[in-house]
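There are 2 protein chains.
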Amino acid sequence: MLELLDLTQTLPRSDYAESMPVLRAELRDLQQAILAAGIPVVVLLEGWDAAGKGDSIGTLVYPLDPRGFRVCTTHAPTEDDRFHPYLFRFWTRLPARGKFVFFDRGWHRRMLEGRLEKALDHQGLLAAAEEVREFERHLTDDGVVLIKFWLQISKKEQKRRLEDIADDRYERWRLHQPGSHKDLSYRRSLEVAEEALALTSTANAPWMPIAAEHRYFHRFDLLQKLIAALRRAMAERHRPLPTGSEVETPSAEPSHLPNEARIPIPPSSRATLLDRVDLTCRLDRKEYEKQLDSLQQRLQELELECYHQRVSVVMVYEGWDAAGKGGNIKRLTQELDPRGYEVIPIAAPDATEKAHHYLWRFWRQLPKAGHIAIFDRSWYGRVLVERVEGLASEAEWRRAYQEINEFERHQTESGSVLVKFWLHISPEEQLRRFEERERVPHKRHKITAEDWRNRSRWAAYREAAVEMIERTSTRSSP
Amino acid sequence: MLELLDLTQTLPRSDYAESMPVLRAELRDLQQAILAAGIPVVVLLEGWDAAGKGDSIGTLVYPLDPRGFRVCTTHAPTEDDRFHPYLFRFWTRLPARGKFVFFDRGWHRRMLEGRLEKALDHQGLLAAAEEVREFERHLTDDGVVLIKFWLQISKKEQKRRLEDIADDRYERWRLHQPGSHKDLSYRRSLEVAEEALALTSTANAPWMPIAAEHRYFHRFDLLQKLIAALRRAMAERHRPLPTGSEVETPSAEPSHLPNEARIPIPPSSRATLLDRVDLTCRLDRKEYEKQLDSLQQRLQELELECYHQRVSVVMVYEGWDAAGKGGNIKRLTQELDPRGYEVIPIAAPDATEKAHHYLWRFWRQLPKAGHIAIFDRSWYGRVLVERVEGLASEAEWRRAYQEINEFERHQTESGSVLVKFWLHISPEEQLRRFEERERVPHKRHKITAEDWRNRSRWAAYREAAVEMIERTSTRSSP
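Protein chains in written order, with our numbering: chain P, 938 to 1415; chain A, 938 to 1415.
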């Protein structure tokens, strides 16, 4: 399977520059369709060291809404993983319906490494392969779209890349990660891979070998294959496919625009801190792109620095509907290594969450030391939506300001960095954006009747937001 | 606070033997009332080595329905705990409403050990105490009943017990556990404890010192204090208190007995393996009690052996309503160390669980190496209730037999012991028990309209159960 792979395939830079934006737009639209159809997607990246697994994941997640995917690295199993059956670490990290999970290495590793390290005889190999096939069948029978990429490079290219990594002060540490096999013989590892791939390439979960020798071709090919697999999955389920950027999201609630929602929102009776936000600030597009680029680079370096120094980062996004939380998070994470951060979209609590303290689910989601968690909405829901909609009693939401300050102080005193944003727009700007969302087909999924309903309570939300900011903006977490 | 504690208090054996069953019955009834009222209960056991924390937890959980409590030991934080803020390990283990969690040591440890090891100066102590008080206030404000016991023994008694432990081949390992302070000076540790207790004894979460010198008095006093605290909590919430063993469970659905439910269930048209179960087997009460005693002792030894050898045990209980799953699990666990097992009651899946593969939630609940998990109902729901009630499609439940066999084989091949029980009774016996439950007040909470409804589908459940047992009873997990 791998020996037949043509590693000389390339793609000229101009073709790459032209085709990638088209593929990205297509994948972005497909993500919405997959979400609407409730299909879980598992993408596995496998291959030996320096084959470009990290670059691949970066390429694939770039166009995605970060609220819809997670990246799992399974190089070093946690203590909890080691104390459970082998597949526990994969089962517990599977996506919910409509979401994507990208695995950086996966459930074939026991086979692959067992053979490389000669811990597994032929009988053992067959048993391990059977277990892999069973796991994959469980997933695909349940409707999971399972896509397995094997990245292959030549012996010469691998040698060159490993030398580059050893020379790079930001990358060098990767060579000393557990599961790193920089010393293996190329021929032997090719044999091991061929054997394992042959045993686990099935109709429901075939391997897709990728010629990863040339970067442009590699990225293009990956993206194209992921798109093709997703389109096939949608077609098999007889779901309408997105055409161009005209996604219809069949399961989305039809939005309607009640007339009273257009009534101008009266200004606040007292001048609040939100009134002092200068909404006329602008940045010219050229300048924006230049600054965005250099800031994203800087963030990427800082992400790695935080990882090495084991500093956790918690970011909280709150703000008006259509204020741009999603787009902001997208740009923030675009150049980050997706193995280092997670975006956590917060919706209404489920039954288990409701049976606990409201902070319980946020405690469970705090990032591990060295990782970044970005909350798209957060525990502040207690003093915003729960207050305004009467979901919390007055005693409960009044008490919450102090509870939140204490919760946050515990984090910052443990060495976490906590950053909180309120994205502010005027009611007029919100109306403009709502109407645009209704007009533009590929934005239509972003607007629902609930948004209009919330808008009609602008004044109540404004009062809650002002009080929230006044009472929870502290020196350590402003 | 501790220096005034009278450690000479005792209780004669005869008083102990007389009063304990009464207190146990009272706590048992209170648990049902707490469950019905949806009150979460957190019980903390603190004290120095050999003060009897394990014995205390054993005493308190003995009368409880094991489906309603969990025991958390926090001696050695997991890797995941260490990578998060300090309170993460406690927050994530809090009980849902209506449930109990017993903590064997807790969130005061950082203070206590920081002072013993001189890592914490006075300023640091005050900050740590403030954090403890905040955490406790968050819980009690949310309606948690928080009960903190400090177990105290004399210097002489501690010395004697530590020597006993060192001599006992089953117990000796405890002295080498992390967080064990066998070498500390009694006087210094008393000072440290006094200081910490004074700083964290608040109106909402006062410490209850227990004179743990004499075993009978200690157990009696603990049980009595827990009961008093629970009764107080119920009264404050204006909930009806159980009187004697006449618990009324106000929130339970009123059961009613449709006439057709009394119609005799026709026998199966073919003789199935369930028909071959000999339902006339009996055991005389005396003989039963003798055997139960020695088997429970044996189980206790095996639990410890499994822990040392890192063998996981998974037990699955399925069977007819009123077949006695709860009582069986109760007797199985009665003499086990509650820190080594967990009973996992399985109800209908919540929204998050429904968004995943049906096996996902069971994967997440598999026991850690060396621990025991007892499932009260299980993944077999897929081929029982989900099949009979049409909650799974025919293709889904038909496929599930193989999935279940593969899931179980993965466990047994990882070294877990898997034991599965089907508790079988005749339809006539079920009717007799249902009617008894309706008659006897303290059993009334066990019977609902749903039980009667399920009974009316006896034949469909029988068919599903027989097919399930035939298809999933394997050599490694019969």
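Keep in mind that the hints are not guaranteed to be accurate.
The list cannot tell twin chains apart, which means a pair is met if one copy fits it or any two copies do.
[Unchecked claim] Straight-line Cα separation of at most 25 Å, SDA-like style, residue types lysine to any residue; simulated pairs: (1) Lys1223 to Leu1063; (2) Lys1291 to Leu1083; (3) Lys1093 to Tyr1338; (4) Lys1092 to Pro1282; (5) Lys1291 to Asn1141; (6) Lys1305 to Arg1026; (7) Lys1291 to Arg1174.
None of these hints come from the bench; they were simulated from the model.
Hint by hint, here is what the structure shows:
In this assembly of identical chains, the alpha carbons of Lys1223 and Leu1063 never lie at most 25 Å apart, being 58 Å within a copy and 53 Å across copies at closest. Proximity of Lys1291 and Leu1083 under a CA criterion of 25 Å is satisfied inter-copy only: 19 Å between copies versus 32 Å inside one chain copy. Taking CA atoms no more than 25 Å apart as the test, Lys1093 paired with Tyr1338 passes in neither setting, with 60 Å inside one copy and 49 Å between copies. Within a single copy, Lys1092 and Pro1282 get their C-alpha atoms no closer than 42 Å, and across copies no closer than 54 Å, so neither meets the 25 Å cut-off.
Taking the closest pair of Cα atoms, Lys1291 and Asn1141 come within 25 Å of each other only across two copies (23 Å); inside a single copy the shortest separation is 38 Å, beyond that limit. Both within a single protomer and between protomers do Lys1305 and Arg1026 lie at most 25 Å apart by alpha-carbon distance, with minima of 16 Å and 12 Å respectively. For the homomeric pair Lys1291 and Arg1174, the shortest alpha-carbon distance between copies (20 Å) is at most 25 Å, but the shortest distance inside one copy (34 Å) is not.
Of the numbered hints listed earlier, those contradicted by the structure are 1, 3, 4.
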